[in-house]
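Residue numbers (the numbering used here), protein chains in the order written: chain A, 51 to 257; chain B, 51 to 257.
None of these hints come from the bench; they were simulated from the model.
Just to be clear, a hint being listed does not mean it is correct.
Claimed, not checked - Derived DSSO-like pairs: lysine-lysine, alpha-carbon spacing no greater than 27 Å straight-line:
| no. | chain 1 | residue 1 | chain 2 | residue 2 |
| --- | --- | --- | --- | --- |
| 1 | A | Lys-242 | B | Lys-242 |
| 2 | B | Lys-184 | B | Lys-242 |
| 3 | A | Lys-242 | B | Lys-241 |
| 4 | A | Lys-69 | A | Lys-184 |
| 5 | B | Lys-69 | B | Lys-184 |
| 6 | A | Lys-69 | A | Lys-241 |
| 7 | A | Lys-241 | B | Lys-242 |
| 8 | A | Lys-242 | A | Lys-184 |
| 9 | B | Lys-69 | B | Lys-205 |
Claimed, not checked - Every beta carbon over 10 Å from chain B, so not counted as near; a handful from chain A, in silico:
| no. | residue |
| --- | --- |
| 10 | Lys-69 |
| 11 | Glu-73 |
| 12 | Arg-137 |
| 13 | Ala-144 |
| 14 | Leu-146 |
| 15 | Asp-149 |
| 16 | Val-159 |
| 17 | Phe-164 |
| 18 | Arg-180 |
| 19 | Arg-181 |
| 20 | Leu-187 |
| 21 | Val-200 |
| 22 | Met-204 |
| 23 | Ile-207 |
As the list claims (entries may be wrong) - According to the in silico footprint, chain B covers these stretches of chain A (three or more CB under 8 Å from chain B):
| no. | stretch |
| --- | --- |
| 24 | 166-174 |
| 25 | 227-237 |
| 26 | 240-249 |
Virtual Cβ for every residue (Gly too), placed ideally from N, Cα, C.
Residue-level listing of the chains:
Number of protein chains: 2
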Amino acid sequence: MRIITISRQFGSGGRELGKRLAERLGWDYYDREIIDTLAAEQGLEPDYVKKTLANHGWQNMQLTYRNSFSHLLYDPGMSTQIRIREREILREIAALGNDCVIIGRDADVILEDFHPFRVFVCADTEARLRRCMKHELRRPEPERLSERQVLRNMKRIDRNRAHTREILTGRVHGDGSRFDLTVNTAGWDIKKLTGALADFALQWFEG
Amino acid sequence: MRIITISRQFGSGGRELGKRLAERLGWDYYDREIIDTLAAEQGLEPDYVKKTLANHGWQNMQLTYRNSFSHLLYDPGMSTQIRIREREILREIAALGNDCVIIGRDADVILEDFHPFRVFVCADTEARLRRCMKHELRRPEPERLSERQVLRNMKRIDRNRAHTREILTGRVHGDGSRFDLTVNTAGWDIKKLTGALADFALQWFEG
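Go ahead and model the full structure; you've got the sequences and the hints to work with.
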């Protein structure tokens with residue numbers, strides 16, 4: 051079994067890169083929302099998650115799940131339960147034994163003993179802001195955030211991620227040597243980068 | 051013209067990786083000593099460097115040059131001159147217009163306008179120490195450093211590099227987004243990594 055974990059800076063395109071990578075390799079794909087939702091779901095109905103995990107095919111479930119359960123993620127009591135349970139969920143995902151790509155959730159640390167190929171995806175602030183503003187343009191105008199609001203979100207989210215990570219590892223988020231590869235998405239077409247990254251990762255697993 | 055710059059943590063194997071990469075791609079290769087020596091040489095005989103650069107084929111000159119001119123690098127007055135001149139040397143190397151791999155000397159920053167593919171090579175402290183100790187074993191016993199001495203050197207050299215870099219860029223050394231790719235050499239066979247990196251870099255230049 052081969053696991054690729056994708057950690058990333060907010061706005062770097064890490065999630066898109068990870069999703070495309072899973073598609074290209076034909077591997078299972080798990081992102082933050084899926085894992086959070088599984089954990090929340092498990093909080094409600096313990097057997098459900100195992101049954102569902104055994105069916106695979108998570109690639110297309112992301113949006114449904116996000117819509118059905120997103121309210122749980124904003125319940126503070128539930129979100130603590132989720133943080134505890136997502137660790138178990140990650141272990142169960144790994145125990146399935148399928149090749150997979152996992153986005154976020156510090157899976158690189160939690161699944162260290164499965165020797166994942168640990169990718170960190172970053173970009174300079176300007177490139178990340180450009181990417182985020184493109185996403186904002188696709189939203190209905192009243193919900194659209196300004197550059198200033200996006201920048202503030204970016205800083206807050208990265209600070210939270212760094213904080214969780216420091217608690218978990220005692221190391222600074224983004225410290226190169228904690229990952230096997232750190233990719234800067236600035237200057238890449240994401241599709242091309244997906245191909246280059248897939249080739250690199252497969253060679254790493256052969257080694 | 052394509053330039054790959056290799057910045058690295060001490061003991062990460064960055065120089066070896068860069069040298070192998072240049073060989074594999076068939077590109078010109080410049081390392082720190084070559085550039086320092088060229089700069090020192092230019093300090094003595096201004097025309098010499100240009101003439102020599104025009105002849106290419108630096109790949110095999112490293113040791114000769116290091117032996118001939120290393121005393122200059124320990125003369126503090128000369129080393130200041132060298133820091134000033136190496137910038138010009140790097141610009142001249144770039145102006146030659148050949149595909150090349152350049153190790154160190156903050157070439158990624160100094161040659162930013164040539165859009166180099168900027169690689170940072172790192173590894174965790176333990177892996178770097180192992181690599182350094184292997185090198186020590188090849189030295190005659192009286193010159194061999196202890197683990198403790200190597201660790202001290204490692205920290206000092208990395209601190210110096212970080213310092214130079216901060217002065218030059220106002221950024222922290224090893225900050226992922228200042229590079230296009232950060233490679234962790236731990237867990238790789240260097241020859242395999244060379245192949246994977248060459249493929250990745252060529253795809254970057256196509257993009």
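Verdict on chain B covering the stretch 240-249 of chain A, criterion of 3 CB contacts below 8 Å:
The restraint on the stretch 240-249 of chain A holds, since 6 of its residues have a Cβ under 8 Å from chain B and three suffice.
Holds or violated: Lys-69(B) to Lys-184(B), with C-alpha atoms at most 27 Å apart
holds (19 Å)
Is the nearest CB of chain B more than 10 Å from the CB of Glu-73(A)?
holds (18 Å)
Does the claim that Leu-187(A) lies off the interface hold, with its Cβ farther than 10 Å from every Cβ of chain B?
Non-interface label stands for Leu-187(A): nearest chain B Cβ at 23 Å, farther than 10 Å.
Pair hint outcome, Lys-242(A) versus Lys-241(B) [Cα-Cα no greater than 27 Å]
Judged against 27 Å, a Cα distance of about 24 Å means the pair holds.
Coverage assertion for the stretch 227-237 of chain A with respect to chain B, Cβ distance below 8 Å, three residues required:
Answer holds; 10 residues pass the 8 Å Cβ test.
Examine each Cβ of chain B, and state whether all of them lie more than 10 Å from the Cβ of Leu-146(A).
holds (24 Å)
Is it the case that Ile-207(A) keeps its Cβ farther than 10 Å from each residue Cβ in chain B?
Fine: 16 Å to the nearest Cβ keeps Ile-207(A) off the interface.
Since Val-159(A) was said not to touch the interface, does its Cβ keep a gap of more than 10 Å from each Cβ of chain B?
holds (14 Å)
Between Lys-242(A) and Lys-242(B), does the CA-CA distance stay at or below 27 Å?
holds (22 Å)
Do the alpha carbons of Lys-184(B) and Lys-242(B) lie within 27 Å of each other, as the hint requires?
holds (19 Å)
Met-204(A) and chain B, when compared Cβ to Cβ, separated by more than 10 Å
holds (13 Å)
Checked against the numbered hints above, the structure violates none of them.
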